[in-house]
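Residue numbers (UniProt numbering), protein chains in the order written: chain W, 1 to 435; chain H, 1 to 435.
Don't read these hints as lab results, they were simulated from the structure.
If you're wondering where the values come from, they're calculated on a predicted model, not measured in any experiment.
Ideal placement from N, C-alpha and C gives every residue a C-beta, glycine not left out.
Please note: incorrect hints may appear among the correct ones.
[As the list claims (entries may be wrong)] Taking lysine to any residue pairs in the SDA-like style, the calculated list, with each CA pair at most 20 Å apart, reads:
#1 W/K30 with W/Q186
#2 W/K30 with H/P40
#3 H/K30 with H/P40
#4 H/K30 with W/K30
#5 H/K30 with W/Q186
#6 W/K365 with H/V433
#7 H/K365 with H/A346
[To be verified] Which chain H residues face chain W? A few, computed with CB under 8 Å, are given here:
#8 E112
#9 V114
#10 V216
#11 S294
#12 N383
#13 N428
#14 G431
[Stated by the list, open to error] Take a look, some chain W residues computed to stay more than 10 Å from chain H by CB distance:
#15 T79
#16 G94
#17 E112
#18 E328
#19 T422
#20 G429
There are 2 protein chains.
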Amino acid sequence: MSVDSTTLSEKAATSDDVTEQVFDVARRAKVASRALATAPRGVKDAALHALADALVAQADVIVAANADDVERGRTNGMTAGLLDRLTLTPERVGAIADALRELAALPDPVGEVVRGSTLPNGLRLRQLRVPMGVVGMIYEARPNVTVDAAGLALKSGNAVVLRGGSAAASSNEVIVRVLGEALEEQGLPADLVQSIDRFGRPGGVALMRARGLVDVLVPRGGADLIQTVVRESIVPVIETGVGNCHLFVDASADRDMALQILLNAKLQRVGVCNAVETLLVHREAADFLPVALSALASAGAVVHGDEQTASLAPTGVEVIPATDVDWETEYLAAEIAVKVVDDLDAAIEHIRTWSSGHTEAIVTKDLASSERFVAELDSAVVNVNASTRFTDGGQFGLGAEIGISTQKLHARGPMGLAELTTTKWIVNGDGQVRS
Amino acid sequence: MSVDSTTLSEKAATSDDVTEQVFDVARRAKVASRALATAPRGVKDAALHALADALVAQADVIVAANADDVERGRTNGMTAGLLDRLTLTPERVGAIADALRELAALPDPVGEVVRGSTLPNGLRLRQLRVPMGVVGMIYEARPNVTVDAAGLALKSGNAVVLRGGSAAASSNEVIVRVLGEALEEQGLPADLVQSIDRFGRPGGVALMRARGLVDVLVPRGGADLIQTVVRESIVPVIETGVGNCHLFVDASADRDMALQILLNAKLQRVGVCNAVETLLVHREAADFLPVALSALASAGAVVHGDEQTASLAPTGVEVIPATDVDWETEYLAAEIAVKVVDDLDAAIEHIRTWSSGHTEAIVTKDLASSERFVAELDSAVVNVNASTRFTDGGQFGLGAEIGISTQKLHARGPMGLAELTTTKWIVNGDGQVRS
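In isolation and in its complexed conformation, chain W is listed as follows:
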C-alpha cells in the first residue's frame, strides 16, 4: 500500500517542541485517568460537587479574569453575540456549577455489562463499559465549555485535555486552576483536567496528532472548526453538529399540524443545529404555501424559494429566488429555503442530495409515505409528525449531551455520557486452551 510519506514527514516536522510538550500533557492525563477509571460512582459524584463548590467560592476571581478576556475581545472588535457568549457573571458561574451538580445526579455509564454469555467450553464472557481514558476537546471562546467538558469527562471516568479559544485564555486558565485545586482536595490528581491553551495554535495541532495518547477528540464549535479537526486529526474524532435539516409536507398532511411544526422547527430557536433550514412541499399540498409563507413573513423570517413557491406567495411576502447555495446552507438564522416537489420520491432525492445527515421530518397522514420516508432517508434522526427541535440529548432522555453526532462510527445523533466510554471483554476460565 502506498504511503503519502511527504505529508506524513511534514506533519511530523512542525513544532516539534510544542508537540513533545503536548504529548507529555497527554501522557500525564493518561496516568491520572487510571485513578478515575476504577473509581466508584460515589467518588466521581463527590468530586463533581466539590468542583461546583470551588467554582462558586472562586467566582470573583473567575469573573475578574474573564473581564480581561472581554476587554481584549472588545478592543479586537469581537461581535456583540460572541462577547455575550464569552462573558461570565457570578450568576453565570453559578449556573455552570449547577450543571456539574446535575451531572453528578445522572447514572454512571461505567461498569454496565453490555453483553455476556457462557461459551460451550465453559468460558464466561462479559463485555463491560469502561472509560475511554483521555478525551481531547477543541472548542472556541465559551468558557462554560471548559467546565462542561471537564464535568462530562470526569463523570464518564476520563481525563480531559482542553484546547479552548485564545479569546477566553485568561478565563480558562483560572477555571482550570480552580478545578485542579478542587480535584487535589478530593484526593484526585489535578492532571485529570489540563489545558494546553498556553501552547497556542501549534498546541491544537499537536493534540490532533497525539494518537495513542488521546483516545478520542471532540470538537465543539462552528462548522469550520469541526471540519478542520475532522480533516487534520489522526486521533479518532467524533464529528458533531452541522444540521441542514429538512421538513417535508406531504400531500395528505394535516395543514394545521404542518404549520405548527414548521414555525417551531424554524423559529423557536434559530441558531441551533436541529432547526429546519429547508421546507419541501408536495405539489398537492401547495395550498399550504400561502398560509405558511404569510406566517413565516409575519414572524420576520427571510424566505428563499423556487419559482412555484414565489408564484404562490401572498401579496407583500417577498420570496428571494433560491439557488443551490440555499439548498446547501445551514442558515442558523430566521431564514428558510422553500421548494415545491412533485412527490415523495422528489423529496427524498432532494434530501439525499443536500442533507448533512442530522434530522429530517415528514408531516403526513399516509402510512406508506411515513414508512418510506423513515426507511429510505439516511440521517441520524428521522421524524414523523414531530418538530426537528427534539433532536437533543436532554429531550431524548439521555441526560447530559456531549453533542449531536453526524457521523456513523461510534455514535450517531444525540450523544450521552455512554458515548465517552468504550468496552472491554473480560473472559474467565479454569484453564481452557484452544484446540
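Start from chain W and add chain H according to the hints.
Okay, now just chain H, sitting in the frame of chain W:
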C-alpha cells in the same frame, strides 16, 4: 483553530484525475447501497448463495486468472508463504464459496431495535440498527479477502469498494466480475461490489480521502498497511490486528495450568494476532521457569529473556538476552520474550508500557490478583485462567469475524457483522412541538 493548510492543499493536489474516478466509484456504490439497505434478509441471503454458486461455476476461470498472478509473483521473487496465500485451487474456491453460505446462515444485524422509549410528551423513540452505506476495504495479496469482504458487506446491507494488492490483480478482477454478474442476475446492482485496483496506489490514496462518500474504511493486512491507513485516511477507520499479547503467571498460579496455557497461547498457531508474545512470571513463581523454558525449547521456540530468566534456564536451553525491542515486538513466530517481575504491580506496569491493547491473560488462584488484573489493564480483552487464543469472533460466538479492533471508538476486540452497521433514531409523534 489552526488549519495546517499546506498539508490539506497538498493532499488535494495529488492525482486529481484518479481521485475523481475513485470518488465516482464510491458515489455509484452509495446509490447501489440504497437498494440493499432496505432489502429484507431473504434477499441478501439468496444473493450470498447465488454468489457462492457463481464462484464455483466459474472456478476454472478464476483459477486460470490466479495462475497469472502466481506466475508473476514467482518471477518477482515472492516468498513461499505469500505465494501460498495468493494461490487459488478449485478446492480453495469451493471453501471461499462455502464461507459465503455460512454468512447467509448468520442472523441479520440490520433492523434490530437497540433502544426505544415513549417520552413524557408522547413521542415514540426507536434506535434502529441500519447499514453503514459504503464500506471500503484495503488489503493485501489474498484473493479470498475479496470474496470475504464482499460477503460481509452485503450481509450487513452495505456496498463495498475494494482495494486489493497489485499482486492479486488478475484474480481480483475476475472475481469481482463474477460477483457483479451474479448480483445482476439476482436483480441487484453490480455496483454493490466494485474494485479500484485498476487505479493502482493512487486509487488507494483517493479512497482514504473519500470522506462523505465512503462511510468506514477497514484495513486488513500487516502492521505497516494498517498504520498507513490509520494515519493517512480522513475516512473513519477501524484499526485492527496488531497483538502484542501478554501472559502473566502469578505467584499462586497452578503451574500445570500455566504451562498448558503458555504452550497453547504461544505455539498452537504462531502467526496470529492473539498469540502470546511475552511471558511475565512472578518471582515467587520462578520455579515455573525451568519447566516452561524446557517445554518451549523442546517445541522449537526461540526464547529471549532478562537476566533472571537466563539464570533459571536448564542446561541446553539457550536464552537470548532481551532488550526493549523484544518487549515491544509482535514476533508472529515461534519466539517469545520472558521476564521475571517482582509482583502484580510490576506486571501491570510492564503490560501498560508495551502492550498493543489486544489481549492479556493472568494465571492465578488469587481472587484479588485476578480482579486487579482485569480492572487495571486497559486492553480489548483480559483473560483469567484462559488462553489468549480465544480472542476471536468465531470463538466468542459472534459469527463471521471482520477483524479484531484494537481501537476504542465504535468497536473493540472481536468484531461481528453488527460492527459494519450504525444506528438511526426514528421519532413518531402526532404533532409535537418543542416548548
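Hints the structure violates: just list their numbers, smallest first.
2, 4, 5, 8, 9, 11, 19, 20
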